[in-house]
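K.L.:
As given, the protein sequences belong to chains A and B, one line each in that order. With our numbering, letter number 42 in the first sequence gets 50, and the count goes up by one each step, no holes. With our numbering, letter number 44 in the second sequence gets 60, and the count goes up by one each step, no holes.
To be clear, the hints were calculated from the coordinates, so they are not data collected in a lab. Wrong hints could be hidden among the right ones.
Listed next, the in silico SDA-like pairs over lysine to any residue satisfying Cα-Cα at most 20 angstroms (straight line) [claimed, not checked]: (1) Lys49(A) to Asp231(B); (2) Lys62(A) to Pro178(B); (3) Lys49(A) to Gln44(B); (4) Lys49(A) to Glu210(B); (5) Lys49(A) to Arg182(B); (6) Lys49(A) to Arg211(B); (7) Lys70(A) to Lys98(A); (8) Lys241(B) to Lys98(A); (9) Lys49(A) to Glu190(B); (10) Lys276(B) to Asp19(A).
Selected chain B positions facing chain A (Cβ under 7 angstroms, derived; list incomplete) [unchecked claim]: (11) Gly31; (12) Tyr189; (13) Gln193; (14) Arg211; (15) Asp214; (16) Ser229; (17) Lys230; (18) Asp231.
Don't be surprised by glycine CBs; every beta carbon is placed ideally from N, CA and C.
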Amino acid sequence: MRIIISNSSPDPIYEQVGKQIKAQIISGELQEGDSLPSIRKLAQELQISVITTKRAYEELEKEGFIDTVGGKGCFVAMQNKELLKEKKMKSVEEQLSEAVAQAKKLGITLPELEQMLQLLFNEEAE
Amino acid sequence: MESVLELKNVRKNYGDFVLDDVSFTLPQGYIMGLVGPNGAGKTTIIKLIMNLIMKNHGSIKIFGLDHQEHEVEIKARIGFVYDLPNFYDHLNLRQMKNIIRRFYRTWDEAVFQQLTDRFELPLKKTMRKFSRGMQMKAAIAIALSHHADFICMDEPTSGLDPVFRRELLDLLYELLQNENKSILFSTHITSDLERIADYITFINHGRIVFSRSKDEVFENYALVKGGKELIDAEAKRCFAGIRMGEFGFEALTADVRLVKKQFGSDVVIDRATLEDIMYFSNLRGEHA
Numbered sequence: 009m010r011i012i013i014s015n016s017s018p019d020p021i022y023e024q025v026g027k028q029i030k031a032q033i034i035s036g037e038l039q040e041g042d043s044l045p046s047i048r049k050l051a052q053e054l055q056i057s058v059i060t061t062k063r064a065y066e067e068l069e070k071e072g073f074i075d076t077v078g079g080k081g082c083f084v085a086m087q088n089k090e091l092l093k094e095k096k097m098k099s100v101e102e103q104l105s106e107a108v109a110q111a112k113k114l115g116i117t118l119p120e121l122e123q124m125l126q127l128l129f130n131e132e133a134e
Numbered sequence: 017m018e019s020v021l022e023l024k025n026v027r028k029n030y031g032d033f034v035l036d037d038v039s040f041t042l043p044q045g046y047i048m049g050l051v052g053p054n055g056a057g058k059t060t061i062i063k064l065i066m067n068l069i070m071k072n073h074g075s076i077k078i079f080g081l082d083h084q085e086h087e088v089e090i091k092a093r094i095g096f097v098y099d100l101p102n103f104y105d106h107l108n109l110r111q112m113k114n115i116i117r118r119f120y121r122t123w124d125e126a127v128f129q130q131l132t133d134r135f136e137l138p139l140k141k142t143m144r145k146f147s148r149g150m151q152m153k154a155a156i157a158i159a160l161s162h163h164a165d166f167i168c169m170d171e172p173t174s175g176l177d178p179v180f181r182r183e184l185l186d187l188l189y190e191l192l193q194n195e196n197k198s199i200l201f202s203t204h205i206t207s208d209l210e211r212i213a214d215y216i217t218f219i220n221h222g223r224i225v226f227s228r229s230k231d232e233v234f235e236n237y238a239l240v241k242g243g244k245e246l247i248d249a250e251a252k253r254c255f256a257g258i259r260m261g262e263f264g265f266e267a268l269t270a271d272v273r274l275v276k277k278q279f280g281s282d283v284v285i286d287r288a289t290l291e292d293i294m295y296f297s298n299l300r301g302e303h304a
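Use the sequences and the hints to build the structure in full.
P.N.:
Structure (structure tokens):
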């Protein structure tokens, strides 16, 4: 596991921790059943408060990314792959709709936008 | 959640200084920072907790027990660091330790040895020749050598250089690995707290300004900057303290959402540090 905290980031620290663990679960770096460091250990390692770490874990648990087993600690939860994919699709959709809104403001037409997208998509593929 | 320390409506009247209506709770397993400017009442609170001075009103419970009725058993479980360590000048650290260890049934010589090694403290040098920093380290080593469940420290980082202050934080993190240990420490060096503290209790002019989790504090407080023309009587109510400059104002808000609603993008909103909170809250005190 790898977590980097930035003090100049506008995101609160618990969110930074949560986001990074989540990203590593989605990318598969952290696998189902992998054990996570204890709340207190993680607080010590990151030099942040116990409450902040606890909150990060609680949010992850609420979203179903991790499970807490009493007396044993926290583990990466069984992931519903379909659900994960859906979540990722949703984020792509959101960013696209932002781009569409911007384009409309600037008077860019749909064919122009499609062309742009095609160019970008193929660039990525290379 | 069980609390290790609970103050309720505590009052201490010194005539020229009154500490009043002080209430706060520290849950077991966490660390609380007691902050405030010089003369705010931090040391008075710690002395009251340690039953070194008598309160005029209110109740103080430690480990769920009245701190006066059960003083002896409570103190056996507290590791205490006073802001001016008072050692006997003519003794060396080993002799000093031999006097103090007799007060604690749970004294652990091995832990003391370990800590004095770690802090590089000479055992045979007389206390008179100890620098302020070394005296503080000695006091901390002694406070941590009897497996105390509650560590209570008054300004433990004053007189210490940044390197040792970090080492002390590391040590506190190690202690907190055990969820039965709790820590209260007062300081005006707020950067120490911005890392480790779970709870912040801010005191000013003998009164509690707030006592809440550090995350909550930083989610609600913010520094706001903008043009002078924005400040009118209505706007002033959003702020806990304002500093007017020639080219604009800078102010502290305890309700960042309200400010966002009221001013939108007319102002710049920055994260407030504990130092900002301390400074601006004091401004209001002066003008009130």
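K.L.:
Are any of the numbered hints broken by this structure? If so, which, sorted upward?
P.N.:
Structure breaks hints 2, 8 and 11.
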